[in-house]
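Here the protein sequences come in this chain order: A and B.
Numbering follows numbering that gives the first Met the number 0, with no gaps: position 274 of the first sequence is 273.
Numbering follows numbering that gives the first Met the number 0, with no gaps: position 251 of the second sequence is 250.
Incorrect hints may appear among the rest.
[Unchecked claim] Reference excerpt, derived from the structure (chain A facing chain B, CB under 8 Å, subset only): (1) 228; (2) 266; (3) 297.
[What the hints assert, rightly or not] Straight-line Cα separation of at most 27 Å, DSSO-like style, residue types lysine-lysine; simulated pairs: (4) A:144 x A:126; (5) A:105 x B:179; (6) A:56 x A:105; (7) A:179 x B:63; (8) B:56 x B:126; (9) A:179 x B:87; (10) B:126 x A:254; (11) A:126 x B:126; (12) A:311 x A:164; (13) B:144 x A:179; (14) B:311 x B:105; (15) A:144 x A:179; (16) B:105 x A:179; (17) A:164 x A:106; (18) B:179 x A:144; (19) B:318 x B:164; (20) B:106 x B:126; (21) B:179 x A:63; (22) B:106 x A:179; (23) A:24 x A:254; (24) A:254 x B:24; (25) B:126 x B:105; (26) B:179 x A:56; (27) A:126 x B:87; (28) B:31 x B:144; (29) B:164 x B:144; (30) A:164 x A:318; (31) A:63 x A:42; (32) B:87 x B:254; (33) B:105 x A:106.
[Stated by the list, open to error] Okay, the calculated bits of chain A under chain B, using three or more residues with CB under 8 Å as the criterion: (34) 115–126; (35) 214–224; (36) 230–239.
Hints are computed from structural coordinates only; laboratory data are not their basis.
Beta carbons are placed, not taken as given, at the ideal position from N, Cα and C, and that holds for glycine.
Number of protein chains: 2
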Amino acid sequence: MGGDQAPEMIIQGVDIALERSPDLKIILVGDKALILSLLKTTKRLKKHLPEIIHTKKAIADEDKPSVALRQGQGSSMRLAIDLVGNDKADCVVSAGNTGALMALSKKVLRLMPGIDRPAIAGFFPTKRGESVMLDLGANIACDAKNLVQFSIMGQIFVRTVLGLKRPVVGILNVGIEGQKGNTCVREAAATLQRMTNMPFEFYGFVEGDDIPAGTVDVVVTDGFSGNIALKTAEGTSELISQFLRDAFHNSLLSKIGYLLARSAVGQLRQRIDPRRYNGAMVLGLNGIAVKSHGSTDALGFANAIGVAADMKRYRFLEKVREELTNNGLDLPAEQSKVVATA
Amino acid sequence: MGGDQAPEMIIQGVDIALERSPDLKIILVGDKALILSLLKTTKRLKKHLPEIIHTKKAIADEDKPSVALRQGQGSSMRLAIDLVGNDKADCVVSAGNTGALMALSKKVLRLMPGIDRPAIAGFFPTKRGESVMLDLGANIACDAKNLVQFSIMGQIFVRTVLGLKRPVVGILNVGIEGQKGNTCVREAAATLQRMTNMPFEFYGFVEGDDIPAGTVDVVVTDGFSGNIALKTAEGTSELISQFLRDAFHNSLLSKIGYLLARSAVGQLRQRIDPRRYNGAMVLGLNGIAVKSHGSTDALGFANAIGVAADMKRYRFLEKVREELTNNGLDLPAEQSKVVATA
Chain A
0 MGGDQAPEMI
10 IQGVDIALER
20 SPDLKIILVG
30 DKALILSLLK
40 TTKRLKKHLP
50 EIIHTKKAIA
60 DEDKPSVALR
70 QGQGSSMRLA
80 IDLVGNDKAD
90 CVVSAGNTGA
100 LMALSKKVLR
110 LMPGIDRPAI
120 AGFFPTKRGE
130 SVMLDLGANI
140 ACDAKNLVQF
150 SIMGQIFVRT
160 VLGLKRPVVG
170 ILNVGIEGQK
180 GNTCVREAAA
190 TLQRMTNMPF
200 EFYGFVEGDD
210 IPAGTVDVVV
220 TDGFSGNIAL
230 KTAEGTSELI
240 SQFLRDAFHN
250 SLLSKIGYLL
260 ARSAVGQLRQ
270 RIDPRRYNGA
280 MVLGLNGIAV
290 KSHGSTDALG
300 FANAIGVAAD
310 MKRYRFLEKV
320 REELTNNGLD
330 LPAEQSKVVA
340 TA
Chain B
0 MGGDQAPEMI
10 IQGVDIALER
20 SPDLKIILVG
30 DKALILSLLK
40 TTKRLKKHLP
50 EIIHTKKAIA
60 DEDKPSVALR
70 QGQGSSMRLA
80 IDLVGNDKAD
90 CVVSAGNTGA
100 LMALSKKVLR
110 LMPGIDRPAI
120 AGFFPTKRGE
130 SVMLDLGANI
140 ACDAKNLVQF
150 SIMGQIFVRT
160 VLGLKRPVVG
170 ILNVGIEGQK
180 GNTCVREAAA
190 TLQRMTNMPF
200 EFYGFVEGDD
210 IPAGTVDVVV
220 TDGFSGNIAL
230 KTAEGTSELI
240 SQFLRDAFHN
250 SLLSKIGYLL
260 ARSAVGQLRQ
270 RIDPRRYNGA
280 MVLGLNGIAV
290 KSHGSTDALG
300 FANAIGVAAD
310 MKRYRFLEKV
320 REELTNNGLD
330 LPAEQSKVVA
340 TA
């Protein structure tokens, strides 16, 4: 049970998630005595105790992925992923070490046939609603084939989980003209342009300002640029919020104005609240793994649980497998692994 | 004379720049008859007509850099850069085609000894004031040596132009830990860490949210990530401004609140106004070239002129040459070229 405010935040997050979706079944993995003492503090969970799998071992935030792989056996993160690998659970949700979650998920759940690399996908607020960007940091370097696979997975995600009929996919670049960028983005764009009769539209290249503008539903990029774009957007949003606070505290008149417009400012805050967009999905594995921001609170963690549950509810894994097979991107069947469908 | 609202915007921008710094000498390059007719509309320029170099030829926004190189002779952009190359002017400022400006400046002004690639640097608003980021798009791919050179140029820029005593430099990455990122950023960081007795402090790696946080004074990155970070920040700022407008128009109470807090909101707008940060500096050449945003207005263009004038005033080129020589990064002297010092 990772995260800056864990384990309290996790328990409260589970409580909110169960309030929203009472049919969810939750298994908590961690220190049983500690979890039990926390469960007693909430009304809902005290009555209907979730299953607890006990371990005192945990992967530290500073542990390298290689250390997690070698020494992670018996840790709460490894046990939780194993539950998905053994069909005892449909999804794993963690606010712990991102690198360790990626490495262990990849090892236990393995890559889906037709996918060479997993990608981390996340939601972004936009002028038009929300869009999804991937990869947000799983792969520092990507080739054109990776970007094409991310595009396929991303459009299936927004079709199944967000319910879009015919999503628009764009590749992040430094300009929209065809000759811009590196070989990787140009080759990926050429491949996507050649794909016809697909259930999505390939828009072409998009630039950084197209992400918040909502020009496309799915923004595809490598993990280096994606991570930088995500964090730059978060930081800019935080900067402007501070400037806004400063401005409203500047004079008596603006303080009064703030009091009157408080609900408007609250509405703005809600629209850019990072907790709303919490829950980054690890796509490309034979199982559902969702990474919560380590610094989120209970509400954010409940949202991450909600995203994981939606991926299961809307049969994301099965849809990806179907479309990869139909598009001839599939690998031999013996490399595949049965997906949890409980 | 490029830019979306050119040539009117250019003339008005020059007018503002001269109001701020009456000692500036301006040479306008473009269609003389058109320029003269516009000059007559402003009080200041009508009295003290700036020098005009006539040409009707212009590089189009959609022209590729290779086309500008081959066919750019006699165009307004080429003539303006030639003025700097021939010591007839100290700086060139353009709101036209970025790729063409980069290619022509590099060809005419040539790279400074010790620098392998020019970089585009720009200002960013931060919680602590402003910082400078480079490269913003001149180089899609960079090696470690390029990033080290960008660091040297960036810290000299903020020391000379912003007057910082001992600036802090960081390399943009996907995490702050030493093992994060690709070989390029790790090698550059290792080189910078080995450099001792330098007039700046090397902070190490920074992440996207450190840019608006103002964690460092100079953010160093390759042109792909830098361009994406810049445009993502611009787009996010634009998104939040729209959300704020929406929120204030939502109810009568918030409309009244807005009226009272109008100056506060205006203050916020001013702090994130892209015109304030207009003017991207091409660093690494034997001359000063500043790129204005094509979509800016007169105020933004005046700021770009101001940046160019400051680089001259604070002897940026001479300082870079001195420090590159002192740090043993210099190339043989015969490759150098006399810098305009008029």
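Checklist entry - Any CB of chain B closer than 8 Å to the CB of residue 266 of chain A? => result 5 Å, holds
Next on the checklist: residue 105 of chain A and residue 179 of chain B were given as a pair; does the straight-line alpha-carbon distance stay at or below 27 Å?
Outcome noted: 19 Å, holds
Checklist entry - Between residue 105 of chain B and residue 106 of chain A, does the CA-CA distance stay at or below 27 Å? => result 49 Å, violated
Checklist entry - Within a Cα-Cα threshold of 27 Å, do residue 164 of chain B and residue 144 of chain B meet the stated pairing? => result Status holds; Cα separation ~25 Å.
Checklist entry - Is residue 144 of chain A within 27 Å of residue 126 of chain A, Cα to Cα? => result 30 Å, violated
Item to check | Proposed interface contact between residue 228 of chain A and chain B, which counts if any beta carbon pair is under 8 Å | outcome: It holds, given that the least Cβ distance between residue 228 of chain A and chain B is near 5 Å, below 8 Å.
Next on the checklist: So if I understand the rule, the pair passes when the alpha-carbon distance is 27 Å or less; does residue 126 of chain B with residue 105 of chain B pass?
Outcome noted: 34 Å, violated
Checklist entry - Are at least 3 residues of the region 115–126 of chain A within less than 8 Å of chain B when you compare beta carbons? => result holds (count 3)
Item to check | Restraint status (C-alpha distance of residue 31 of chain B to residue 144 of chain B at most 27 Å) | outcome: Not satisfied, since the Cα-Cα distance of roughly 44 Å exceeds 27 Å.
Checklist entry - Taken at face value, is the distance from the CA of residue 24 of chain B to the CA of residue 254 of chain A at most 27 Å? => result 46 Å, violated
Checklist entry - Is residue 164 of chain A close enough to residue 318 of chain A, meaning Cα to Cα at most 27 Å? => result 14 Å, holds
Next on the checklist: Run the distance test for residue 126 of chain A versus residue 126 of chain B: straight-line Cα separation, threshold 27 Å.
Outcome noted: Holds, at about 25 Å.
In summary, the structure is inconsistent with hints 3, 4, 8, 9, 17, 20, 23, 24, 25, 27, 28, 31, 32 and 33 from the numbered list given earlier, while agreeing with the others.
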